[in-house]
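Please work from the sequences and hints to get the whole structure.
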Amino acid sequence: MVLSTQTSATTLDGAALRRDFPILNQPQPEGRPPLAFLDSAASSQKPEQVIQAIDTYYRTINANIHRGVYELSEAATAAYEAARQTMATFLNARQARECIFVRNTTEAINLAANAWGRSNLTANDRIVLTVMEHHSNLVPWHMLREEIGFSIDYIPLTDDHQLDMTVYAQLLEQKPKLVGFAHVSNAIGALNDVAAMTRMAHDAGAAVLVDAAQSVPHMPVDVQALDVDFLALSGHKMVGPMGSGVLYGKRELLEAMPPYMGGGSMIRKVTLDGTTFADIPARFEAGTPAVADQVGLAAAADYLTAVGLEAIREHELELLDYAMEQLPSVPHLTMYGPEDLSKRSGVISFTLGSIHPHDVAAILDGENIAVRAGHHCAQPLMAALGVVATTRASFYMYNTRDDVDRLVAGLHKANEVFGQV
Amino acid sequence: MVLSTQTSATTLDGAALRRDFPILNQPQPEGRPPLAFLDSAASSQKPEQVIQAIDTYYRTINANIHRGVYELSEAATAAYEAARQTMATFLNARQARECIFVRNTTEAINLAANAWGRSNLTANDRIVLTVMEHHSNLVPWHMLREEIGFSIDYIPLTDDHQLDMTVYAQLLEQKPKLVGFAHVSNAIGALNDVAAMTRMAHDAGAAVLVDAAQSVPHMPVDVQALDVDFLALSGHKMVGPMGSGVLYGKRELLEAMPPYMGGGSMIRKVTLDGTTFADIPARFEAGTPAVADQVGLAAAADYLTAVGLEAIREHELELLDYAMEQLPSVPHLTMYGPEDLSKRSGVISFTLGSIHPHDVAAILDGENIAVRAGHHCAQPLMAALGVVATTRASFYMYNTRDDVDRLVAGLHKANEVFGQV
Amino acid sequence: MAESIYRELILEHNKNPQNRGTLDPADYSYQDTNPLCGDEVRIDVRVADDKISEIAFSGRGCAISQASASILTEMVKGQPLDEVKALSKEDLLDELGIPLSPARLKCALLSLKVLKAGIYGVNAAEDVWQ
Amino acid sequence: MAESIYRELILEHNKNPQNRGTLDPADYSYQDTNPLCGDEVRIDVRVADDKISEIAFSGRGCAISQASASILTEMVKGQPLDEVKALSKEDLLDELGIPLSPARLKCALLSLKVLKAGIYGVNAAEDVWQ
Ligand SMILES: Cc1ncc(COP(=O)(O)O)c(C=O)c1O
Ligand SMILES: Cc1ncc(COP(=O)(O)O)c(C=O)c1O
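Residue numbers (the working numbering), protein chains in the order written: chain A, 1 to 421; chain B, 1001 to 1421; chain C, 2001 to 2130; chain D, 3001 to 3130.
Just so you know, the hints here were simulated from the structure itself, not pulled from any lab data.
Mixed in with the good hints, there may be bad ones.
[As the list claims (entries may be wrong)] Pairs of lysine-lysine residues, derived as DSS-like cross-links and limited to a Cα-Cα distance of at most 30 angstroms, are as follows:
{"#": "1", "chain 1": "D", "residue 1": "3015", "chain 2": "D", "residue 2": "3106"}
{"#": "2", "chain 1": "B", "residue 1": "1269", "chain 2": "C", "residue 2": "2015"}
{"#": "3", "chain 1": "D", "residue 1": "3015", "chain 2": "A", "residue 2": "269"}
{"#": "4", "chain 1": "C", "residue 1": "2089", "chain 2": "B", "residue 2": "1269"}
[Claimed, not checked] Here are the computed distance ranges between Cβ atoms for each label pair:
{"#": "5", "chain 1": "A", "residue 1": "193", "chain 2": "C", "residue 2": "2020", "range": "40 to 50 angstroms"}
{"#": "6", "chain 1": "C", "residue 1": "2009", "chain 2": "A", "residue 2": "383", "range": "25 to 35 angstroms"}
{"#": "7", "chain 1": "A", "residue 1": "95", "chain 2": "B", "residue 2": "1013", "range": "48 to 58 angstroms"}
Glycine included, each C-beta is placed from N, C-alpha and C at the ideal position.
This is the structure:
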């Protein structure tokens, strides 16, 4: 097991950061240990700074944005557009208007699939996805295919649970219009080489959509360096509010796309006979947006920047490395995902002999260790791995070696309860 | 000017309620009067109770919902589903699953238009809308018409700025598949008789979609009594969070509808070949929802119930009556909307001689009076009224006669600044 | 808390399930999934003299869902169909005898939902799960 | 604050706009709208000897947008096209001489955006409004 990143100089103190997150410091009932939260891949916890940003917004600047002439409305509009600029800077987008505010990754991909897909795909076209996608990067395309009739090819896994680049190269020979894939798999933590895959796609004339739900919270992501055409993220996984998120898109592509939802703010002119549409980003933000949530998202991005995304990545790799040392002591444990830790994020998916993953998670909950069990919204990946479900532990900046130790002890206990020796 | 509702027994003290709303009690710069917030039709302010509900959610129960086996996730799921039950009770829906959580009214209508419309409308069909709709109940239908090709008829206005029921009856003879209209017009405050219009529509075999963005915050709304098929609302206009809202639909209709967005939670099974979908309400809630916002929405509904929607309605009518007494003293003022106050909500739209509505609003802002100016996302209505824009003052429970007095004084001042005598 | 749901009875039925298998032909067969966690249960029933003469379950899922299916089939084998209709979720939960959170309740009740849906139709089974 | 934007100059130009009307034919004509508030401005230009020989504006909107259009047409009438290209938003705002919030800035700058878009194309006008 080789750790490619240098970890000795980790600058991040998980136990200290933990104090920023009120929910992790809640008093527990008598006799219950503190919460070991190992489910950040599902949704992260929120620091004081983000909770305060929402609170302050409602207490001091709330109003509907745009078109308001009075002070509060101007302040709310300014806060919303400043949040957009913060996200553009965070992702290194060329312009703020390349960041469309959405509820979550799922909405981002639905928007891209519908607005870009409907105007670019016909029945004779192909697109490429992968078997490790989250349902949110599968179902929108399945639904669109029902309507339009294009074909979908899937990049399969290698034996090491990475994407098979040989097959990818072959699929590109069929000239797909789009390649869509996760930067990091939520279910097994595989980390894909976005820059290389994007270069290959562009050489073949395909546009690239990256599901960055699991990468943006955990490592530096630069949309210009990666040169992706679309990138989707969820605020709630990056210490931001639920209900916040971004679809990044290259300006030329966004400008050529028809709208997705219709309503206020996204129009230029409405008559009874029809509608003409506003410029980006407004064209894709119909109705009153979740201003407080997007302002909270900007606070989350600022928080991550202050902690340092390089440091977060190192910290998680260090925990991953430690876990990989400790976990093999647990009998009957099978782990999924690439062996090479430099090809992984801080996500560990496993099964424990014949104990069902839910039962493992329930026993861990008895020890106040929060993990997730199930198909992780990646049923095709589960099928490819030959399992119905796994138990998954995922790390974030606020986790510590102690959390890993407790996970290991909890798994021993599960074996014990189920009489699995 | 006749006030049909008895107002002597108003049980609501606007000045007292105002204390629940932190933003209305912010200290102002030296010499600036307190905020007279007369723009609740755009977005309402939030009481302490709602701000606290969001805060408490993030500090004590935040986690991703569904499929989580551990305590926090169960608590978050329970809070989310309890919020759904609260909204169902608030609207008197038969079942919680008839309430789909959405970001706002705009998303609710887009969902209904796409999911119901795509599976129920063909090129030969007709639907009926009205000239007083907000763009969010026009543009989604315009966009769908582009694709499918059905026809749209519009109910026009009478001279008293109400919907023309004679024309409506004629349009129903053409057997439209759907009738969609606002319960209350955001731009002129006209209050439509939903029960009667729905009965007529049903007799003609049409389904009914009501845009209740401007009614639910201000008066009791009972979906069973009104017998509407779909009803859309926004949390942010009913003292709830931005990013929250509900599409109510009758169960049989929702169950027959295909999904709108694809992703996690809304599936039954996903394979590489395709997707089968979950039951309602999950089918329409793809991805991680805005749990904190919907929990905040339930807190808002509880707040409104505690204050009393009858009392809120009476209070607003009382203010409207008072304003109608005072405003005629302002030279050059032209008001829009029904004369009969029982056919109105607490919204007053007006023009002031040749002063542009934005300039009126800017001068009022100088007096710290917040009103809105523009087309109010109702350009076809503005065209029908023969104006480009109006200035609009709108009331909520926290407004007082003092706000009305300041509005009147501000309008006199506007005349003065522009030398309009 | 979570631990106490793994009492002997559950672990025993999970390890040595009763009536595991399928019946072909069967008078009633029904299968359903808990969409939240993927548990699957199928139940096949043969009827004689208005009684459940034979019953078998198959499927996969957590210990709670599978043990519950095993226990349920034991409860109803040989019983008149009428009594099966009257069987409430409390009856099954009493038999299981463990404290369950809302999410795990759905695991525990999946087998009852499947049995009722198979014999009386989906609508009859609805109250089991709402 | 809001009040002070209605200084004499603005009110005067709003009441008695300079160069109001249209030119037909014109060498350059362009119209645009402020989608946020609906202000409309159209500007027609005739050129002789690389100078703006005649200019007219039309449209409707708030006092700021209309007075700004009136003031701008006065500023550029008779000027070489080159200098118009170099005209910055600060130049126009200095002339208006009023404090403006971001929303009202767009009202004030609409005329400059329209003038530049008309003469040099939409891209050249973009920086005026971003
Ligand atoms: C009558 C009406 N319908 C729809 C909307 C749109 O609401 P939202 O912007 O919250 O989607 C509004 C609010 O602006 C409204 O007043
Ligand atoms: C890789 C990946 N894509 C997409 C999603 C969907 O995110 P959301 O539910 O926030 O839309 C998730 C999170 O569950 C994810 O991990």
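How the hints compare with the structure:
1. Distance hint between residue 3015 of chain D and residue 3106 of chain D is fulfilled; the C-alpha atoms sit about 20 angstroms from each other, no more than 30 angstroms.
2. Our distance criterion of 30 angstroms between C-alpha atoms is met by residue 1269 of chain B and residue 2015 of chain C, whose separation comes to about 28 angstroms.
3. The suggested pairing of residue 3015 of chain D with residue 269 of chain A holds, with an alpha-carbon distance near 28 angstroms, which does not exceed 30 angstroms.
4. Restraint check for residue 2089 of chain C and residue 1269 of chain B: the C-alpha separation of about 27 angstroms stays at or below 30 angstroms, so the hint holds.
5. For residue 193 of chain A and residue 2020 of chain C, the Cβ-Cβ distance of about 46 angstroms falls inside the hinted range of 40 to 50 angstroms, so the restraint holds.
6. Between residue 2009 of chain C and residue 383 of chain A the beta carbon distance is about 33 angstroms. The supplied range of 25 to 35 angstroms therefore holds.
7. For the pair residue 95 of chain A and residue 1013 of chain B, the supplied restraint of 48 to 58 angstroms holds, since their beta-carbon distance comes to about 49 angstroms.
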